[in-house]
Amino acid sequence: MTNVMKIAIPGLAAVVCVTLALAQDPAAGRGGGKGKGGPAQLWYVEKTTGGVYKPPMRPLWKLSDLKAMHAGQSSWQEQIILDPEQDATYNGAVRGTKFTARMHPDTPTVFVVIAGNVRFTVEGQPQPANGRRGSIVNIMKSTIFSYETVGDQTAYWVEVNPTNYKTVYPVEGPAPKAVKPGGEVIKVSFNHTPAPYTPPNQLEWNTFDDGIAKC
Numbered sequence: 014m015t016n017v018m019k020i021a022i023p024g025l026a027a028v029v030c031v032t033l034a035l036a037q038d039p040a041a042g043r044g045g046g047k048g049k050g051g052p053a054q055l056w057y058v059e060k061t062t063g064g065v066y067k068p069p070m071r072p073l074w075k076l077s078d079l080k081a082m083h084a085g086q087s088s089w090q091e092q093i094i095l096d097p098e099q100d101a102t103y104n105g106a107v108r109g110t111k112f113t114a115r116m117h118p119d120t121p122t123v124f125v126v127i128a129g130n131v132r133f134t135v136e137g138q139p140q141p142a143n144g145r146r147g148s149i150v151n152i153m154k155s156t157i158f159s160y161e162t163v164g165d166q167t168a169y170w171v172e173v174n175p176t177n178y179k180t181v182y183p184v185e186g187p188a189p190k191a192v193k194p195g196g197e198v199i200k201v202s203f204n205h206t207p208a209p210y211t212p213p214n215q216l217e218w219n220t221f222d223d224g225i226a227k228c
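Per this note's numbering, numbering of the sequence shown is gapless, rising by one per residue and ending at 228.
Mixed in with the good hints, there may be bad ones.
[To be verified] Label pairs and their calculated CB-CB ranges:
#1 Gln92 with Glu197: 20 to 26 Å
#2 Trp56 with Thr206: 35 to 41 Å
#3 Met82 with Asp222: 29 to 35 Å
#4 Lys200 with Phe221: 27 to 33 Å
#5 Gly64 with Gly196: 16 to 22 Å
#6 Phe112 with Arg146: 17 to 23 Å
#7 Val198 with Glu98: 26 to 32 Å
The set of hints was computed from the structure by calculation and includes no laboratory data. Glycine included, each C-beta is placed from N, C-alpha and C at the ideal position.
Turn these sequences into a full structure, and let the hints guide you.
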């Protein structure tokens with residue numbers, strides 16, 4: 014069945030990085046040492062200067078600072094990491110905020126819930142995932158999902174994607190707005206199949222309930 018969609022022309026850091034790595038397809042082994050490929054070979058490579066935090070990146074982001082920056086806003090997003098490997102945003106939204114169905118056709122997405130409750134409805138899953146404080150929600154590539162803030166308080170979460178990820182929206186829903194200068198929203202047609210949750214991947218894992226409590 015052909016799906017017609019629209020393209021819009023957009024101590025947790027370690028956990029997010031590891032989780033996003035697990036969500037991706039297994040990488041091919043790299044050569045090194047003495048193996049079937051023989052002794053390791055030497056190569057030249059250009060190295061950039063390390064330890065330099067170029068905006069918007071900082072060594073530390075405080076939630077209190079972000080709340081002050083976005084005071085009075087019912088829903089906001091702040092870019093906190095943007096480098097050749099990762100695109101991460103810090104987000105906040107009052108209860109009852111809904112985010113329409115969308116899909117990242119080529120890459121997975123990881124959400125880390127800092128506070129409040131975020132309910133995720135994910136294609137192919139029998140029940141929504143209840144993201145709460147400490148939850149890491151793993152959305153596999155080519156999987157339609159939507160989410161909304163629930164409960165009795167404002168929710169805060171970090172969303173992590175690979176750099177240059179793409180987002181498409183089903184045409185059954187509202188048309189998104191182009192967010193990049195010169196960008197244009199168009200219709201495209203292709204089929205999709207949700208990527209399976211093969212171990213160690215799972216939809217939701219809670220740092221406190223599934224990790225610390227079982228130590």
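Consistency of the hints with the structure:
no., hint, in the structure
1, Gln92 with Glu197: 20 to 26 Å, "holds, 22 Å"
2, Trp56 with Thr206: 35 to 41 Å, "holds, 38 Å"
3, Met82 with Asp222: 29 to 35 Å, "holds, 31 Å"
4, Lys200 with Phe221: 27 to 33 Å, "violated, 43 Å"
5, Gly64 with Gly196: 16 to 22 Å, "violated, 33 Å"
6, Phe112 with Arg146: 17 to 23 Å, "holds, 19 Å"
7, Val198 with Glu98: 26 to 32 Å, "holds, 27 Å"
Hint compliance for this structure: hints 4 and 5 are broken, all remaining hints hold.
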